[in-house]
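The opening residue of the sequence shown carries number -8 in the numbering used here; numbering runs sequentially from there.
I should point out that these hints are in silico values taken from the structure, not numbers from a laboratory. Just so you know, even glycine gets a beta-carbon here, dropped at the ideal spot from N, CA and C. Where hints are given, some of them may not hold.
[Stated by the list, open to error] Mimicking BS3-like on lysine-lysine, the simulated pairs with C-alpha atoms at most 25 Å apart in a straight line are: (1) Lys44 x Lys31; (2) Lys44 x Lys68; (3) Lys79 x Lys119; (4) Lys119 x Lys44; (5) Lys91 x Lys31; (6) Lys91 x Lys11; (7) Lys44 x Lys79; (8) Lys44 x Lys11; (9) Lys68 x Lys91.
[Unchecked claim] Derived DEER-like restraints, expressed as beta-carbon distance ranges: (10) Ser14 x Lys119: 23 to 31 Å; (11) Glu43 x Met95: 35 to 43 Å; (12) Glu40 x Asn161: 20 to 28 Å; (13) Trp157 x Glu13: 38 to 46 Å; (14) Trp157 x Gln57: 18 to 26 Å; (15) Tyr120 x Glu40: 22 to 30 Å.
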Amino acid sequence: MEKNSFHLLNILNKIIDISKIESGSETVEYSNVDLNEVVKRVYNSYIDEANEKGVALIINASEKPQYINTDGEKLFKIFIHLTENSIKYTNNGSIELGYKLESMSPNETQLIFYVKDSGIGIDDETQKYIFQSFNKGSFSYDESSGLGLGLSITKHYIAMLGGEIWFESNVNCGTIFYFTISKYKEQ
């Protein structure tokens, strides 16, 4: 019963979120955000479901930066949507959540977030429209697998935070989603 309630609440929240995005009423609320706490919150939201499926859920977070000024709730929801999809389409192996600093040039670094899984992957046809609203893709297991809003909402939130999202995927080998946000300040 609790799992069904969580699923229903998740669907309702996605409908509210996409409605706000489409109406233009969604805003960015900046605050001091502990990145490790965001990742741990996502981990705690899905560890039981991962354990039930026999999938290892792993956190891989860099030491620095730990705090940034961004919209923590949107960052959390981005990770939630990506992790939810990974849980849904991974039946064995692992899912890794994390962030890292990558050197872009001698004077520039980029904060890159990611969710990596060893799931079923995304076929070439589905990759073309994966970020469209109400797209469930050809990889849906059943009709109860969701509304196809999570990745669309994710892309909108990332754009609101001045970032980009991209992914690498191989059918039957897994997927890794990367994203950046540029509207933040290291603390």
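Evaluation of the provided hints:
1. The suggested pairing of Lys44 with Lys31 holds, with an alpha-carbon distance near 19 Å, which does not exceed 25 Å.
2. In summary, the hint linking Lys44 to Lys68 is supported, as the alpha carbons are separated by about 22 Å, within the 25 Å threshold.
3. For the suggested pair Lys79 and Lys119, the alpha carbons sit about 20 Å apart, so the restraint of at most 25 Å is met.
4. Taking the CA atoms of Lys119 and Lys44, the gap is about 29 Å. The hint is violated against a cut of 25 Å.
5. Between the alpha carbons of Lys91 and Lys31 the distance comes to roughly 15 Å, so the proposed pair stays at or under 25 Å and holds.
6. Taking the CA atoms of Lys91 and Lys11, the gap is about 30 Å. The hint is violated against a cut of 25 Å.
7. Between Lys44 and Lys79, the direct Cα distance comes to roughly 10 Å. Compliance with the 25 Å bound is thereby established for this hinted pair.
8. Under the criterion of a C-alpha separation no larger than 25 Å, the hint pairing Lys44 with Lys11 is inconsistent with the structure, at around 33 Å.
9. Restraint check: the Cα-Cα separation between Lys68 and Lys91 comes to about 19 Å, which is no more than 25 Å; the hinted pair holds.
10. Distance hint check for Ser14 and Lys119: the Cβ-Cβ separation is about 27 Å, which falls inside the suggested range of 23 to 31 Å.
11. Checked against the hint of 35 to 43 Å, the C-beta distance between Glu43 and Met95 comes to roughly 40 Å, which is consistent with it.
12. Between Glu40 and Asn161 the C-beta distance comes to about 24 Å, which sits within the given range of 20 to 28 Å.
13. Distance hint check: the CB atoms of Trp157 and Glu13 are about 23 Å apart, inconsistent with the given range 38 to 46 Å.
14. Range check, Trp157 to Gln57: about 25 Å between beta-carbon atoms, so the 18 to 26 Å window is met.
15. At about 27 Å, the CB distance of Tyr120 to Glu40 agrees with the hint of 22 to 30 Å.
Of the numbered hints given earlier, the model fails hints 4, 6, 8 and 13; all others are met.
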